[in-house]
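There are 2 protein chains.
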Amino acid sequence: MSNLVERALNGEVIAAARLMRLSDDRREGYQVFMKEIWKKTGHAHIIGITGAPGSGKSTLTDQLITKFRAAGKTVGVVAIDPTSPFTGGAILGDRIRMATHSLDEGVFIRSVGTRGNLGGLSVSTMDIVAIMDAMGKDIVIIETVGVGQDEVEIAMVADTCIVVTVPGLGDDIQAIKAGIFEIADIFVVNKSDRDGAERTSNDLKMMLEITPKRDEWTVEVLKTMAEKGEGVDELIERISIHEDFFKENKLKRRKLNERLVHVAYGAVKEKLVNDIFPPDKIKALIEDGNDPYTTVEILWNNIK
Amino acid sequence: MSNLVERALNGEVIAAARLMRLSDDRREGYQVFMKEIWKKTGHAHIIGITGAPGSGKSTLTDQLITKFRAAGKTVGVVAIDPTSPFTGGAILGDRIRMATHSLDEGVFIRSVGTRGNLGGLSVSTMDIVAIMDAMGKDIVIIETVGVGQDEVEIAMVADTCIVVTVPGLGDDIQAIKAGIFEIADIFVVNKSDRDGAERTSNDLKMMLEITPKRDEWTVEVLKTMAEKGEGVDELIERISIHEDFFKENKLKRRKLNERLVHVAYGAVKEKLVNDIFPPDKIKALIEDGNDPYTTVEILWNNIK
Chain R
0 MSNLVERALN GEVIAAARLM RLSDDRREGY QVFMKEIWKK TGHAHIIGIT GAPGSGKSTL
60 TDQLITKFRA AGKTVGVVAI DPTSPFTGGA ILGDRIRMAT HSLDEGVFIR SVGTRGNLGG
120 LSVSTMDIVA IMDAMGKDIV IIETVGVGQD EVEIAMVADT CIVVTVPGLG DDIQAIKAGI
180 FEIADIFVVN KSDRDGAERT SNDLKMMLEI TPKRDEWTVE VLKTMAEKGE GVDELIERIS
240 IHEDFFKENK LKRRKLNERL VHVAYGAVKE KLVNDIFPPD KIKALIEDGN DPYTTVEILW
300 NNIK
Chain W
0 MSNLVERALN GEVIAAARLM RLSDDRREGY QVFMKEIWKK TGHAHIIGIT GAPGSGKSTL
60 TDQLITKFRA AGKTVGVVAI DPTSPFTGGA ILGDRIRMAT HSLDEGVFIR SVGTRGNLGG
120 LSVSTMDIVA IMDAMGKDIV IIETVGVGQD EVEIAMVADT CIVVTVPGLG DDIQAIKAGI
180 FEIADIFVVN KSDRDGAERT SNDLKMMLEI TPKRDEWTVE VLKTMAEKGE GVDELIERIS
240 IHEDFFKENK LKRRKLNERL VHVAYGAVKE KLVNDIFPPD KIKALIEDGN DPYTTVEILW
300 NNIK
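Each protein sequence line maps, in turn, to chains R and W. Everything in the first sequence is counted per numbering that gives the first Met the number 0, starting at 0 for the first residue and increasing by one. Everything in the second sequence is counted per numbering that gives the first Met the number 0, starting at 0 for the first residue and increasing by one.
One chain only, chain R, in its complex shape (with noise of 0.2 angstroms):
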């Protein structure tokens, strides 16, 4: 194990490619390598992609891998995908345009499953984003399918955090704009040659300014037609000096804090729910006709 580690570190793929299947079956043992692993993070800038169903964002990934490879980085693509909660397997979704890569090797895709009963941003996703950083990535763009907790997470575990809206979308996208203000970084307005692209963008800059600011950053409003490539050099520059402005405050130790903390925090969870508090059992315990909080009391008093 600690041979396929050491390998992993030295970039090797099919090394960190096993550590992530082991780490994602959860195969006894798996923390060992793990902690290995998470004592070597923090070199990578990790990056958040996140946005409505159809705003684009596979699209607008591949052109930034594009970019990044012409730069001389090394990348990390970590694509999110909702789970059936009925066959348990994950779903695969448009991948298809990223499949130009497959052939270089500075390019790294992996595609996982969200896990229902945890949520969002799985902590085996996590150690897959630091099994990359630490294989020596220079860059780990983590992209993700949905809207709501997903974002927020996202915002938690990225340096950069961008998220990506499309013209012209209803009226509940206020209620889900209002939370998405203060985590994005940068905001894009993708597919901006549709109509009412300006209007799109000006509505976001408004609620912008009545954002309270974390630290002093200024999120702007980008516009890109990914597609055809247009708006994503202006996009690069802005990560780049998103980047830079990370490094000077001071605020990637910081970063990697939280992150910790939410790995950490999942896998706590991930430990009771699984080892001591099996499905099964409450499964039972309901079935013998305890309501929920009567269920709850005598597992506890089990364990005390």
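Check each hint, because a few of them may be wrong.
With a straight-line cut-off of 27 angstroms between C-alpha atoms, the simulated DSSO-like cross-links for lysine-lysine are [said to hold, decoys possible]: (1) 249(R) to 280(W); (2) 251(R) to 280(W); (3) 280(R) to 39(W).
Don't read these hints as lab results, they were simulated from the structure. Since the structure is predicted, the reported quantities are computational estimates derived from the model, not experimental observations.
Assemble chain W onto chain R, guided by the hints.
Leaving out everything else, chain W in the frame of chain R:
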């Protein structure tokens, strides 16, 4: 407290609202009255309404309330909004339309925030649904903003799960759809006057054909224009048919048990995270330089 429970069980709104607040705040002793409440649940038919942002869920919910009221049924609505991770406050979306029901004693509407760490439909949200059920509401509608994890949880807790979509969402929707097919009892293509409504409807039907069936229920795709009230009668009728199917096939007990398990599962996590492994303990260990898995080990050894 037991007086409050009694009053709530008699349908008294003020008492019920007070219990919801006590449960939402997790005030000392909330488990005591929630045990009583959960024992009295099982009357209401619980409808989950979910779908992408901007799909018009609120308008549809509003229309459903009007129709159910006209049919003499009492209605509870729980509207879930994303919580800002930084302010901790719930963001109220566009609930103005629903204000038309605020003078009707047969309608009880509550907006709740999702809880950051537990993710998705929080346990206290389910407690609110239970209180509405126990106080005698015939219908309880859970409306959720967002896609992804939320939907999965709605399917777990709702008797009838309605997935709302609109014509013309982009390619990412494919990835999300796939997960949704197995949880929807009824599909609604809202804003069906828009371009592509027929195509969206046909796409959905095609996907449904290749989705493995749960039970013997046929998932139909209905078209609505909620703003104008078109198609709402058909939707109400389909919900009623599903409710009958549900009762005839004795799925109600099974679903109620699933709900109870879900709440118990969440309550266990809540208790453990809040009472046994408070986040500040985890933070302190990380700041002392421990990796996440060593942190878990230390906490685990403490409990032993």
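How the hints compare with the structure:
| no. | hint | result |
| --- | --- | --- |
| 1 | 249(R) to 280(W) | holds, 24 angstroms |
| 2 | 251(R) to 280(W) | holds, 22 angstroms |
| 3 | 280(R) to 39(W) | holds, 23 angstroms |
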